Amino acid sequence: MEIAIKVLPALLEGTKTTLLLFGLTLILSLPLGLFVGVVSTTKIQPIKALIHLYIWVIRGTPLLLQIFFIFYGLPVLSEQFVIDRMPSVVIAFVINYTAYFAEIFRGGIQSISKGQYEGAKVLGLSKWQTARKIVIPQVVKTVMPSIGNEIITLVKDTSLVYVVGLSDLMKAGRIALQRELNIIPLVVVAVIYLALTGIVTIVLKVIEKRFNYYK
Amino acid sequence: MIQIKNLSKAFSGKKILDNMNISLEKGQVLSIVGPSGGGKTTLLRCISGLETMDSGEIWIDEQQVDPTKHQEATSQIGVVFQEFNLFPHLTVLENLMLAPTLVTKKAKEDVEITANQILAKLGLKGKEKQYPFELSGGQKQRVAIARALVMHPKVLCYDEPTSALDPDLRDSIAKTILELKDEGMTQIVVTHDHEFAKKIADQLIEVASIQ
Ligand SMILES: Nc1ncnc2c1ncn2[C@@H]1O[C@H](COP(=O)(O)OP(=O)(O)OP(=O)(O)O)[C@@H](O)[C@H]1O
Ligand SMILES: [Mg+2]
Numbered sequence: 003m004e005i006a007i008k009v010l011p012a013l014l015e016g017t018k019t020t021l022l023l024f025g026l027t028l029i030l031s032l033p034l035g036l037f038v039g040v041v042s043t044t045k046i047q048p049i050k051a052l053i054h055l056y057i058w059v060i061r062g063t064p065l066l067l068q069i070f071f072i073f074y075g076l077p078v079l080s081e082q083f084v085i086d087r088m089p090s091v092v093i094a095f096v097i098n099y100t101a102y103f104a105e106i107f108r109g110g111i112q113s114i115s116k117g118q119y120e121g122a123k124v125l126g127l128s129k130w131q132t133a134r135k136i137v138i139p140q141v142v143k144t145v146m147p148s149i150g151n152e153i154i155t156l157v158k159d160t161s162l163v164y165v166v167g168l169s170d171l172m173k174a175g176r177i178a179l180q181r182e183l184n185i186i187p188l189v190v191v192a193v194i195y196l197a198l199t200g201i202v203t204i205v206l207k208v209i210e211k212r213f214n215y216y217k
Numbered sequence: 003m004i005q006i007k008n009l010s011k012a013f014s015g016k017k018i019l020d021n022m023n024i025s026l027e028k029g030q031v032l033s034i035v036g037p038s039g040g041g042k043t044t045l046l047r048c049i050s051g052l053e054t055m056d057s058g059e060i061w062i063d064e065q066q067v068d069p070t071k072h073q074e075a076t077s078q079i080g081v082v083f084q085e086f087n088l089f090p091h092l093t094v095l096e097n098l099m100l101a102p103t104l105v106t107k108k109a110k111e112d113v114e115i116t117a118n119q120i121l122a123k124l125g126l127k128g129k130e131k132q133y134p135f136e137l138s139g140g141q142k143q144r145v146a147i148a149r150a151l152v153m154h155p156k157v158l159c160y161d162e163p164t165s166a167l168d169p170d171l172r173d174s175i176a177k178t179i180l181e182l183k184d185e186g187m188t189q190i191v192v193t194h195d196h197e198f199a200k201k202i203a204d205q206l207i208e209v210a211s212i213q
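Heads up: the sequence lines are chains F and P, in that order. Just so you know, we're using this note's numbering here: the first sequence kicks off at 3 and counts up by one. Just so you know, we're using this note's numbering here: the second sequence kicks off at 3 and counts up by one.
Bear in mind the hints are in silico, worked out from the structure with no lab data behind them. Just so we're clear, the structure is a prediction, and the values are computed from it rather than from any experiment. Certain hints may be false.
Within a straight-line C-alpha distance of at most 20 Å, the following computed EDC-like cross-link-like pairs (lysine to aspartate or glutamate) qualify [what the hints assert, rightly or not]:
id, chain 1, residue 1, chain 2, residue 2
1, F, 129, P, 53
2, F, 116, P, 162
3, P, 127, P, 112
4, P, 200, P, 170
5, F, 116, P, 53
6, F, 129, P, 68
7, F, 129, P, 96
8, P, 156, F, 120
9, F, 217, P, 85
Covered by chain P, according to a simulated footprint, are these stretches of chain F (three or more residues, beta-carbon under 8 Å) [said to hold, decoys possible]:
id, segment
10, 117-125
11, 209-217
Heads up, the beta-carbon is just placed ideally off N, CA and C, and yes, glycines get one too.
Extracted from the complex, chain P is given alone in its bound form (with noise of 0.2 Å):
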């Protein structure tokens, strides 16, 4: 369970996020939906550490947390970028392992049959010597998917996944959402798609814009 308690965030004097509070249960699946510039990536971004918060708690399973030390916050917020970033000079494989071995320093053995399983999982068994330019947009997305999961997260975080996206592919992102919140994880999903949020959310926020 995530709660985000009068979180507010200001650029250079001009109010973005003001006030915001969040209460999410496990496995739930939460869609921020508003209008560009409204400041949805700027929340998705203090939630997981990439930018401060001027003022706020983020409190996850009872605990607060500082999304910012992610050294120390290990594993607890993943992220799926707009854009995925994986890093295109290692294997699909390879972009997995890389955070288990170096971060939490677990076996190299025992992170590739989780990273395995997460890949099959996800429909990319078959994909795992293959470099990320090898891969079609949706791939690439569920790549970027399965890195952050093989940190075993306890909130799973995505920056519009149907942007990058054929239309057609838009289902089944949805469904892999889906899937992932069978299994208990808690996703908080921002994109400007209202009917894509209301098809995966079990609660839908807006962020109007502050004027």
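If we strip away everything but chain F, and leave its shape as in the complex, we get (with noise of 0.2 Å):
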């Protein structure tokens, strides 16, 4: 116990960064994967197998690869591409959970039936209007238990970062052990780690409680 609470400033400091790391990607993710998610629907071609090789490429290797490819990767290719620890990892996950949510979204529009389309059409509303007052908000409510899953995922995809030598709360972890000489440290990592995830799952809940007012 005392080695915990001896620890525990150094851990929490750490938790910092990976709090930062988690809420720059979900800022910035989520909004482009509706994004990529809506234009991935598009009827044109190129864009459409674009966006296809985007996520297939994105999904089918690791996050820590990409992590690689844009930390010690680019600046070998120039020296203009050397960007520091915290933007490399932050640009990495983005480009990772984009793809993630992308592909989520574009599940969701494509679950809402066609007769939701022509319904809107028919009363002259608007493809922006449709896709805003119709579309958008069942779509919502239809990826909230997917996107949730990939939220809980990137909390614990926040510990890859150690690898370029972010300090993290793994990395506060990893100090503390050596230092310390016990497995205590790691215990903390587990509840911060159990106590974050825990946290997310709870706001997840509610906000999908929130969508049960219809069916």
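Dock the two chains into a complex; use the hints.
So this is what it looks like as structure tokens:
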């Protein structure tokens, strides 16, 4: 217990980095994912193909490799591409999570029946009005569970950044372990991750409940 | 009054509708009957602009209209879909008010008054705040009718209005159609139910399958 209290400040400091990355990734990749998801339902084939390629590559390769590409790979190409640690991982995470969210939103959009579009059409709603008032509100409800799963995965994925030397919760845990030569710091790390995923789960449940007003 | 002149429609070379002509006076009810696959729904979808006609013209009150231009043709042709296509995330009142406020840019207060009058007329008083999933099939259908009516269409089209209803509700929708007729609403009703068709129709057209 003493050790736990002793290492806690350092671990909480690391948690800040973890949370910053988590927050930035969510704020950026959710709207981007919605945008890419909407665009991917276009009838313009080249755009569709391009988005498919992007999603295929990103979902088919490890996030860790993508982080390496941006942080270690790009600087080898040109010195212009030297990017700081935090911006590098934020870029990698946003590119990665946008692909996953886009795929979820695309599925959600395609689950809206043709009848909804036709109902809106004969009433004279424009495409944009239909998207905003009819499609997106229903899509948000259908995709919530899948989006929620990704968000929980994101909490844990943030630990990958320790490979580029960012002082996140994971790295703080390893340092404390080596300094104290004790397993307790890792237990505290686990408890903090559990607390984070726990909070996220509760928030998601509340949001899902909000959408329960219709079926 | 609505006139359909020389309407033809084919799907991938197969003629579904061949040179159809229809003329319907204001306040009349036209029933379209015919075998399954005969093109009844297709005819209705052409009139309501959900399919493009290969050839033909549609005239409403001596004016040619292009039903596929829904935003311009606003409020000319109303549709009650077979599956109703209500918006499940909106209340009954919101379903009704969406298009008038968004498309015809009418003041919310005025739309609400009209919407409530129409709901009351269709026996839906007290259902304003409910969501479609809370309604029975017959109630959903009346909401669909109400949603079309708030746009003050010149013609109201129904696709198989009896198909999703219990047999005893058939008479109730017939009554609604006849009441709207008395108010001067021009209506086109697609059905495969001959008895129902005869009961409501001033005019009856049989769409035969063209081989
Ligand atoms: N979008 C489409 N593409 C190709 N063929 C179509 C399309 N819509 C309808 N058809 C064909 O047109 C024909 C007429 O269909 P339609 O739905 O108009 O018939 P219907 O008279 O309404 O039949 P039912 O009584 O079963 O509803 C059918 O052979 C159908 O397969
Ligand atoms: Mg049909």
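Hint check:
A threshold of 20 Å between alpha carbons decides the hint, and for residue 129 of chain F with residue 53 of chain P the separation of about 17 Å falls inside it, so the pair holds. Between the alpha carbons of residue 116 of chain F and residue 162 of chain P the distance comes to roughly 18 Å, so the proposed pair stays at or under 20 Å and holds. At roughly 18 Å between alpha-carbon atoms, residue 127 of chain P and residue 112 of chain P fall within 20 Å of each other, so this suggested pair holds. A distance of roughly 17 Å separates the Cα atoms of residue 200 of chain P and residue 170 of chain P; the hinted pair therefore holds under the 20 Å criterion.
For the hint pairing residue 116 of chain F with residue 53 of chain P, the CA-to-CA distance comes to about 13 Å; that is within 20 Å, so the pair holds. For the hint linking residue 129 of chain F to residue 68 of chain P, the alpha-carbon distance of about 18 Å falls within 20 Å, and the restraint holds. In summary, the hint linking residue 129 of chain F to residue 96 of chain P is supported, as the alpha carbons are separated by about 19 Å, within the 20 Å threshold. With a CA separation close to 19 Å, the supplied pair residue 156 of chain P and residue 120 of chain F stays within the 20 Å bound.
Our distance criterion of 20 Å between C-alpha atoms is met by residue 217 of chain F and residue 85 of chain P, whose separation comes to about 16 Å. Coverage of the segment 117-125 of chain F by chain P holds. Counting CB-CB distances below 8 Å, 8 residues qualify, and the rule asks for three or more. Judged by the Cβ-Cβ criterion of 8 Å, the segment 209-217 of chain F is covered by chain P as claimed, because 3 of its residues qualify and three suffice.
The structure meets every hint from the earlier list without exception.
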